[in-house]
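Visitor: Below, each chain spelled out in residue letters.
4 protein chains.
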Amino acid sequence: MDRKTVAIVGGSGYAGGEFLRLALGHPGLEVTQVTSRRFAGEFVHLVHPNLRGRTSLKFIPPEKLEPADILVLALPHGAFLEEYERYLGLGKVVLDLSADFRLKDPALYEKYYGRPHPFPEELPRWVYAVPELYRERIRTADRLAGAGCNATATLLALYPLFRAGLLQPRPVFVTLLISTSAAGREAGPASHHPERAGSYRVYKATGHRHTAEVVENLPGRPEVHLTAIATDRVRGILMTAQAFLLDGWSERDVWQAYREAYGQEPFVRIVKQKKGLFRYPDPKVVEGTNYIDIGFELEADTGRLVVISALDNLVKGTAGHALQALNIRMGWPETLGLDFPGFHP
Amino acid sequence: MDRKTVAIVGGSGYAGGEFLRLALGHPGLEVTQVTSRRFAGEFVHLVHPNLRGRTSLKFIPPEKLEPADILVLALPHGAFLEEYERYLGLGKVVLDLSADFRLKDPALYEKYYGRPHPFPEELPRWVYAVPELYRERIRTADRLAGAGCNATATLLALYPLFRAGLLQPRPVFVTLLISTSAAGREAGPASHHPERAGSYRVYKATGHRHTAEVVENLPGRPEVHLTAIATDRVRGILMTAQAFLLDGWSERDVWQAYREAYGQEPFVRIVKQKKGLFRYPDPKVVEGTNYIDIGFELEADTGRLVVISALDNLVKGTAGHALQALNIRMGWPETLGLDFPGFHP
Amino acid sequence: MDRKTVAIVGGSGYAGGEFLRLALGHPGLEVTQVTSRRFAGEFVHLVHPNLRGRTSLKFIPPEKLEPADILVLALPHGAFLEEYERYLGLGKVVLDLSADFRLKDPALYEKYYGRPHPFPEELPRWVYAVPELYRERIRTADRLAGAGCNATATLLALYPLFRAGLLQPRPVFVTLLISTSAAGREAGPASHHPERAGSYRVYKATGHRHTAEVVENLPGRPEVHLTAIATDRVRGILMTAQAFLLDGWSERDVWQAYREAYGQEPFVRIVKQKKGLFRYPDPKVVEGTNYIDIGFELEADTGRLVVISALDNLVKGTAGHALQALNIRMGWPETLGLDFPGFHP
Amino acid sequence: MDRKTVAIVGGSGYAGGEFLRLALGHPGLEVTQVTSRRFAGEFVHLVHPNLRGRTSLKFIPPEKLEPADILVLALPHGAFLEEYERYLGLGKVVLDLSADFRLKDPALYEKYYGRPHPFPEELPRWVYAVPELYRERIRTADRLAGAGCNATATLLALYPLFRAGLLQPRPVFVTLLISTSAAGREAGPASHHPERAGSYRVYKATGHRHTAEVVENLPGRPEVHLTAIATDRVRGILMTAQAFLLDGWSERDVWQAYREAYGQEPFVRIVKQKKGLFRYPDPKVVEGTNYIDIGFELEADTGRLVVISALDNLVKGTAGHALQALNIRMGWPETLGLDFPGFHP
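Residue numbers (the working numbering), protein chains in the order written: chain A, 1144 to 1488; chain B, 1144 to 1488; chain C, 1144 to 1488; chain D, 1144 to 1488.
What the hints contain is simulated information worked out from the structure, not anything from laboratory work. Predicted, not measured: the structure shown is a model, and the values here were computed from it. What you were told as hints is all true, and nothing was included just to trick you.
No copy is singled out in the list; a pair is fine if it fits within one copy or between any two copies.
30 Å max Cα-Cα, derived DSSO-like pairs, lysine-lysine:
#	residue 1	residue 2
1	Lys1207	Lys1417
2	Lys1147	Lys1201
3	Lys1147	Lys1235
4	Lys1201	Lys1418
5	Lys1415	Lys1347
6	Lys1418	Lys1207
7	Lys1347	Lys1418
8	Lys1147	Lys1207
9	Lys1418	Lys1254
10	Lys1415	Lys1254
11	Lys1347	Lys1417
Make the full structure from the sequences, and use the hints.
Guide: See below:
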């Protein structure tokens, strides 16, 4: 396989580190550079101990970045915007894992990120890198914007239902159980282990930024309300959504909507079992994998539909779907480097 | 203090064990007997290792039960009904921790418990032992029915809002993060540690039995939908509810509704801070205590109100509020034996 | 009961916060002041959320400290030494929870703390506040030095064996499983939840400072080697020690040594069961309590004796035994304010 | 690659399930059959939810087993012995993950397993499948006995030191922190989540069976004492060993002993860092991988050497080293199918 070079900007964080891990195991990629201002000069395994013995790469300062076939940006939100032209020039394909270019609507960006987007004219040039929704666009895109982890969990679970027109036009309530890795690698009092362990912290009761991505990518821009609760898992998201089925539709139609949408998808599994210990999606099962598991339960007498999804926020929620999109873009098998099945137990 | 005798039926389970623990530390109670069919003859500390050195009580078989001032029943749902008359005759005050006599409406019982109540005429004779709602009735009740843990978490959080008429007449969606102790002391494949640890199991997406208690005790029998997710905490419940405020009401009115309802309550705290690590209710903070912490967040532009509560399912959710009710019934200080403040960290 | 005033220096840390919690529930103590430089002016419950609704105390800066009957110092090691005279003058009884005055031998201090003790002549004036070893001295002491948590776990487990002369004169190897709260309230990269959760970190393979306390307080200053491993429990210590019984002694003699030493002790339990789930000491069982549970297993054919102990590092390991010593000093019942039995499950 | 057929006996357990997971991802293996008496007829993913969408295999009853190139036995200890001839006839290469054929010395077997070995004459025909120790023998072996997980952790950490003759002839004390998956898939009161979570259970203070494997495979059959403590991790082992270096040897010699022994080993990493958060082996880092990380710390003034190792009990401890041995036996690259690097965080 003809290897493409890839450089990772912001490789000491969890998103960048996860992309690095996946890229090192990918037969089509050759990681040439990984930047970190703070850890410049150190072996990457000082920060990511799982990579000990897997690579002799050292972090370089961002100033030393050289052009590569693919540039992956794993910077805090907004940092890319400050050096937009420079980074854009350093990769034939640029894949941004931050929120900077996920949205198409500048008004939504301003509402959720608190300031006008500095390059609104650039927004249409980026493709939202969710393979299940935008596979065709991804094939030819040179600017790929990775989706938010909570947005991925919510969007992929709800999309087939909206596309098939099964839901009543009422607000959908989404509760997201998220993980401590979602807050990033930066330590502070809020992540101090004795305080954080065992704590279930209502992190965003209202106003979650990923709402913008969800709403913008669902047909008809429905009213969707997100509440995020940070538990003390290290990885994983469990999403539950509350909606109502339109009269006349049944569980069978819901099944069919998911099958039509995802029947051919390599990383979406519909999980709705009558027996076994893991009858519905569970973050434990998908930990470390690129799967999103989706299930649902219909309350027959009220039409209430509870939709459930689970994924690993750092894999399918971030670095995994980004690599999946890259596989599509490069014409490689879509599952390449993403076939880890997860553990039991 | 003049001690009252108390006998506990079903003392090897978690609810009975917790009541036993609290009763042993209560200056007004003398535990005379604790039954367990399986562990008859064994010291109670064989099952409840925290009680080693605290009591020399042994479990007795239920047949050897003798009359006591207070009989506490901590049996699986339905077991009390099978020997109703017998148990009723063994205590001047009978306190049942099961679901057998929580409801007033036989139709609700049948809907949620799948069979007609065998003694529907007895239902009105029982008082639902939630002090914050029924303190006056509890003072003179000889038959007290402890509330469900999830019902307590939901009911106490929503009651003031319904009482004050602040909410739009739309369905309220409740998501409950529950614990593994809620499933009881009986081991099985579903509770096997390697399978259960790290698992977030959607336990009841729809049809949760505690819905009946919630609906019956809220003014106007509103439409409330419960979804319960069992995380791998051992104790604790975090409840979030999604509702909409009626036009014209503000955050201030919500505050006032809670203050009016709970301003004098010894075990309800309103938690809504602008700083600190624990700004909203958190099961970590209330673990082991008889507190229910309640908070809320209002989304100004939509009127969406997210209500949050946290409690320990075995204390405030079960044995603690039962003992609180007993304190009221006996004319003792309401906080007697319930003053444990919880840990940090 | 005639209340004594108590002021706590360094009350925002975990040791100080735990003493504060215990003191607030103690009928003989009135907490008058709690210092914290960083949180001066804030309610103590901002830092210790368990104390919400239990006290309206606010932190004061250390400069505003006024005299009290009892002064409790919960400062980082060495901080007391910098203002020794001043603090000494602020309490009739001074109780120091740091390592500054635990040792009698200045050489041991220098070896383990890396510098000469600045007030070696003061060391004999302090009483090592371990009730089981020094109860009589504590009764009249005005200067009490709380023991280290790991030292307490090790010392109390080994003391009866050395006193009874049961062990061969060979090195004893001690492995301590410790908790994340042991590292204190200060956040940093090493305590960042995603890094720390699930991690078993060999924290001190050799050279643990508490070795000094152990060796100094065991008859004959035996050779004891400590290895401390920090797991991701928040609280608790599990100690195992490896020793060899002298020829001629049996399990029965070990039992007797413990019974003689601790038969009357209110907070020491010998745990060595043939059935049940908790046959040996377990930090889960003693969490939040002032108990130290001690057990042992003898390998008949080799004479190897494995000694096991468990305690809560913040209670029996720090604030609890300090309060127990204070109870002794004040002539109060020794268990006053320390009767929490712990949870199950 | 020419695929070999493999059948797995006892595939519903954790060891068998882990081998199945690895085998499904191995390009040289084709899993033809998986047996489970209890789950015969069910899809394997009912029991191992991580395998959903990865295979359509169903469990078969052991009676339906057919010959395969490789037969992997993952049965409870002793079960293989009951049908020895039959199973032996079903695979050209037989790989047994139980303890039935790990030992060479029948006396050691009888001492630790409590009965004489029924086929002592067969013991020499089996090769102990630890690649680092017996690679050459494995190349031609048709009967491979997988090592115990705790034995692997201990043996590989100590072997180089004994081989190089660096240790004093004194007993070595080994403390093993083990996991709940080590007790297998069978549920029961001892593994009930509310009881097990947070519990640190001294599981084998003395008499651990893996002692036999350790002693038999170390030069000179030294005196090694094992104590196993089951924490509530699901996977992983952290081993610490306490020994004394002979006079004249230094840290440098220890380094060299490890380098000589493992310098070319693909799955052994020496971890001894001066900076970073993971300075010594940590089960968190190796979770899911086939690595064993080994480190050490020397106490200069006493010569005490603390040796530390970490591995995943189900991978390097069981199924992973078994597959590694199989790779060697089949002439495949030794790391084939075993290249998962583990997670961070």
